[in-house]
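Undergrad: Start from chain D and add chain V according to the hints.
Which chain is which? The protein sequence lines are D and V, in order.
Numbered continuously in my numbering, the first sequence closes out at residue 456.
Numbered continuously in my numbering, the second sequence closes out at residue 478.
Think of the hints as simulated: they come from the structure by calculation, not from any bench.
Warning: the hint list may mix true and false statements.
Derived list of chain V stretches under chain D, where covered just means 3 residues or more per stretch with a C-beta under 8 angstroms from a C-beta of chain D [as the list claims (entries may be wrong)]:
1. 80–94
2. 144–155
3. 361–369
4. 414–427
Far from chain V, some chain D residues (derived; all Cβ distances over 10 angstroms) [claimed, not checked]:
5. Ile79
6. Leu157
7. Leu249
8. Leu283
9. Cys367
Backbone N, C-alpha and C define an ideal beta-carbon position, used for all residues, glycine too.
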Amino acid sequence: MDGEADTTLAAGERPIWSGDMTIGRNGVAVARRAVTKGAGYRSYEIHQRMRVQQSTEKLNPLRLVSADFAVSPYPVFEILRENYPCYRDWIGNSYWISRYDDVTSVFVDDANYESRSKLWFYGLEDFGRDLREHLPVLVSQAKSLDANASPVANAILDSIASLGEADLAIEFAARYPIELLMRTLNLPAADFDAFAERYWSMQRGFDWDPVAESQGEQAMRELADYFRPLLESRRANPGTDMISAIAGLDLADGPATAEDVVVTLLEADHETLHGGLANLWFLLLAHPDQLHQVAHDRRLLKFAWFETLRHSTPVLTARRFARHEVERFGLLLPEGAMVVCAAGAANHDPRIYSEPDRFIVERKDLCPREPRGQYRADGLPAGLAFGLGKPTRYPAVPLDRPRSIYALTRDTAVAASNAILDRLPGLRLAPGTTPSLRSLRIGEMHTCWRLPVKFD
Amino acid sequence: MLATCPFSKKLEQLVDSVEAAPPSMAFPLMPVGQACDMGHGADGVPLIDPRIFDSWEFMRNPYPYYRIMRDHYPVFRDKLHNCYYVTRYQDVTDCYFDDEGFNTIPKGSSSGVLGNTQLELSGIEHKRRRNLYGQHLVGQSLDLRIPVIERLADEWITGWDQQAWEGTAVRDKNGVRTVEIGKAFANEFPISVVCGVLGFPDEARGQFYYWYNSMMAGLGGSETQKQGLEARQDLEDYVGELVEARRIKPTYLLDKDGNQVGKDIISKLCETKIDGDYLSTEEITSNIALVVGGGGETTRGAILNMWYLLLQHPDQFARVLGDETLWDAVFHETLRHSTPIGGQPRHNSFDLTMHGVHVPAGSLMNMVDFSANRDERIFKDPGIFDIFRDDLYTGKLLRSGFAGEGRHSHMAFGVGPHLCPGAWIAHQEATIGSRILARRMKNPRIRVSDMPKDIDGVSLAPMGLISVRELWLDYDLA
Numbered sequence: 001m002d003g004e005a006d007t008t009l010a011a012g013e014r015p016i017w018s019g020d021m022t023i024g025r026n027g028v029a030v031a032r033r034a035v036t037k038g039a040g041y042r043s044y045e046i047h048q049r050m051r052v053q054q055s056t057e058k059l060n061p062l063r064l065v066s067a068d069f070a071v072s073p074y075p076v077f078e079i080l081r082e083n084y085p086c087y088r089d090w091i092g093n094s095y096w097i098s099r100y101d102d103v104t105s106v107f108v109d110d111a112n113y114e115s116r117s118k119l120w121f122y123g124l125e126d127f128g129r130d131l132r133e134h135l136p137v138l139v140s141q142a143k144s145l146d147a148n149a150s151p152v153a154n155a156i157l158d159s160i161a162s163l164g165e166a167d168l169a170i171e172f173a174a175r176y177p178i179e180l181l182m183r184t185l186n187l188p189a190a191d192f193d194a195f196a197e198r199y200w201s202m203q204r205g206f207d208w209d210p211v212a213e214s215q216g217e218q219a220m221r222e223l224a225d226y227f228r229p230l231l232e233s234r235r236a237n238p239g240t241d242m243i244s245a246i247a248g249l250d251l252a253d254g255p256a257t258a259e260d261v262v263v264t265l266l267e268a269d270h271e272t273l274h275g276g277l278a279n280l281w282f283l284l285l286a287h288p289d290q291l292h293q294v295a296h297d298r299r300l301l302k303f304a305w306f307e308t309l310r311h312s313t314p315v316l317t318a319r320r321f322a323r324h325e326v327e328r329f330g331l332l333l334p335e336g337a338m339v340v341c342a343a344g345a346a347n348h349d350p351r352i353y354s355e356p357d358r359f360i361v362e363r364k365d366l367c368p369r370e371p372r373g374q375y376r377a378d379g380l381p382a383g384l385a386f387g388l389g390k391p392t393r394y395p396a397v398p399l400d401r402p403r404s405i406y407a408l409t410r411d412t413a414v415a416a417s418n419a420i421l422d423r424l425p426g427l428r429l430a431p432g433t434t435p436s437l438r439s440l441r442i443g444e445m446h447t448c449w450r451l452p453v454k455f456d
Numbered sequence: 001m002l003a004t005c006p007f008s009k010k011l012e013q014l015v016d017s018v019e020a021a022p023p024s025m026a027f028p029l030m031p032v033g034q035a036c037d038m039g040h041g042a043d044g045v046p047l048i049d050p051r052i053f054d055s056w057e058f059m060r061n062p063y064p065y066y067r068i069m070r071d072h073y074p075v076f077r078d079k080l081h082n083c084y085y086v087t088r089y090q091d092v093t094d095c096y097f098d099d100e101g102f103n104t105i106p107k108g109s110s111s112g113v114l115g116n117t118q119l120e121l122s123g124i125e126h127k128r129r130r131n132l133y134g135q136h137l138v139g140q141s142l143d144l145r146i147p148v149i150e151r152l153a154d155e156w157i158t159g160w161d162q163q164a165w166e167g168t169a170v171r172d173k174n175g176v177r178t179v180e181i182g183k184a185f186a187n188e189f190p191i192s193v194v195c196g197v198l199g200f201p202d203e204a205r206g207q208f209y210y211w212y213n214s215m216m217a218g219l220g221g222s223e224t225q226k227q228g229l230e231a232r233q234d235l236e237d238y239v240g241e242l243v244e245a246r247r248i249k250p251t252y253l254l255d256k257d258g259n260q261v262g263k264d265i266i267s268k269l270c271e272t273k274i275d276g277d278y279l280s281t282e283e284i285t286s287n288i289a290l291v292v293g294g295g296g297e298t299t300r301g302a303i304l305n306m307w308y309l310l311l312q313h314p315d316q317f318a319r320v321l322g323d324e325t326l327w328d329a330v331f332h333e334t335l336r337h338s339t340p341i342g343g344q345p346r347h348n349s350f351d352l353t354m355h356g357v358h359v360p361a362g363s364l365m366n367m368v369d370f371s372a373n374r375d376e377r378i379f380k381d382p383g384i385f386d387i388f389r390d391d392l393y394t395g396k397l398l399r400s401g402f403a404g405e406g407r408h409s410h411m412a413f414g415v416g417p418h419l420c421p422g423a424w425i426a427h428q429e430a431t432i433g434s435r436i437l438a439r440r441m442k443n444p445r446i447r448v449s450d451m452p453k454d455i456d457g458v459s460l461a462p463m464g465l466i467s468v469r470e471l472w473l474d475y476d477l478a
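So that you can see chain D by itself, here it is in the shape it has in the complex (with noise of 0.2 angstroms):
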């Protein structure tokens, strides 16, 4: 191979195929894309026996898809963290990464580790353009956000305060987000449950689940032609809404459509606001001490929000994908293996957080401020809920670029959550009822469904 470089090519590019070709006597094209990197074919003999020390016996690989696992994973996370750094799932076909450090040098490792977008797991690739990283688009967000978080949530809690109970996850954390994103599209009030039925199930649709994606796959469809006439009357007559930015995109491949409104609502979600919400407000309620010190110093509740996300991520694990063979965790990781980071056992680990499974406000050796990167500020780690962000095309700090979707995000969780102190006086745990989280399938977000809640 190194004998024969093509000279027609730039220095470093070696194609090791290219051109397309055709095989199959039933007719069946396979296009093969020119490939300038090692594509995962090689002849030689890669050593990788497992040694009798090496096996994970502790651990039934069927278990990380089981429905115990969907209700409590972190005892499984922690037989992955204490035995097996780097666990080979050879029924998921993927790695398990468990440990914080490992975890975010995997997170910030953009040159070894590729994500993959929601539509690529919906095998949708051509469906649209994700245009969250434009500037306008950003903007609009960030100020819709900043504008309506308090209105919106104040208006919830006004359908609910005269009641004097109420069930905070299904009634405010999951409509919340909704509400909030109807807001900053400026879609009509009237629209609220068809636009909330067809955008959950977009974002439920996206994983292993047939009947959930392909009953996603026709929300995205019906939600594209929801957008088509709203985004052409307001690329006429631009508002200061997220579909008039897209709409006044300019982009270099043509102008955006209403499905690329739809691929950047996919992909920015709305998984951690709502499943931290809900998950926020169980700990404080199941907390009382801890409840009490925040209600008396609202300052703790960007604390409070930031020490949720580090006890009860919603989002567990993420995926992330091998761009060539890497050697890391003392194994040889094939191109395209798929590496499971999970957050919510390395938000646990006990190398890193002192008694890590309570729930302490104030703790005092996590990070208070998003993770930014594998060093952390102040020497202290943060919690994993975002994953670590990549670097953006953009200057750190710029003038006119909002803050980061993270410290968005928490600024309007602590804004709904002040609503909540204030609306809802005398607020604690419906009696008799015991909360927990859970997933509702394998994958999805861990969060705490039903939290009656009585108030005066």
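TA: Below, chain V alone, put in the same frame as chain D:
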């Protein structure tokens, strides 16, 4: 309870339904050949829930699900198990032939326990070794071993009269002998052939039987994995010593009369050179482990499946008794209908789009032999066991496969560069063994009362993805 708007009500219903669901996902057991309902897409196409692949329903009744995949998802993307299934005959063979585009680098579950074997080499490295190992199992070398196979089969079956069986696998009553063909023959006969051609001492058979069982059980990476790895280690230590000994003093195969007919495989491998160097002990033991794993379990499954299927079709059995050459057709039709090895993993070397599904480079693509063998596009009424079918090639096994004169070869041994090197010897073991069995047993029939039943409690259980584990037969002694 207090939900006031339709959205909240819907969400509440969703949470209710999840909480009310049974703790473990159970798929209903369906009559053989019918798929359970997993929902339909917008266009009415049936959906496949990937959790089915871990279910008992799929183990016993896989074929209707494979049919859905063949018809609607020729490349099925399984996002729960992070892999793709290729299910049509033509696609599977195409991929098997293209070992550059669909490579075998060690990512499959077998690499854990079996180590780095021929299964996982590609290209030239694979080819030169294939010739070294494979040559001992084909052609003239194979002919040399046929007397050994015949002698071993004969010994096993004669042993039924003499050995004390402690009432488990062989018992006589009222002129009828009841035999469990697995314990009494098929489980250990192939492994004794493997031991014979490899040149292991006969005493080691029992130990080998344990080792390969443990290694097979350990493949999936479950609780049994440690046992599998330990068995692999023990086997390697044992073989390592043997190899060292054979390097100094080779041993020979003997025919019926005690004449030397050639060196055994280990002794031959000891003197084999590659690039001017002798093969390392490590390399020999790795591939011996593969032969032990591959040569035992599969042939045992083939023999038991052959008898299980054939005895359920007495008319075909009668014709076979009248014409012993038909055992070849029985062997091939059994492997088409119910193969012991269901497929092979491949990884695509390049980004590709196949049947409209985009597969990124480095993805796991499972080639499903089970499904290819039941492809209606190739075999008419594929679910029917018929040794006289006119669309199955039953001649000498070819690396290139066979497609012509309206006949196709089955996929049980794969095809192309990675065609099973033990295909020919397995064929000999199964047909020679069956011929001798058929000559000894008078009026054999399945002892239905001792066999596992299907869900109706009456008919015999289907084989599904698992070969028959136990086969109880009655035959007349007089």
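Undergrad: Work down the list of hints and note, for each, if the structure agrees.
TA: Going down the list of hints, with the structure as the test:
no., hint, result
1, 80–94, "holds (count 8)"
2, 144–155, "violated (count 0)"
3, 361–369, "holds (count 4)"
4, 414–427, "violated (count 0)"
5, Ile79, "holds, 13 angstroms"
6, Leu157, "holds, 13 angstroms"
7, Leu249, "holds, 26 angstroms"
8, Leu283, "holds, 19 angstroms"
9, Cys367, "holds, 33 angstroms"
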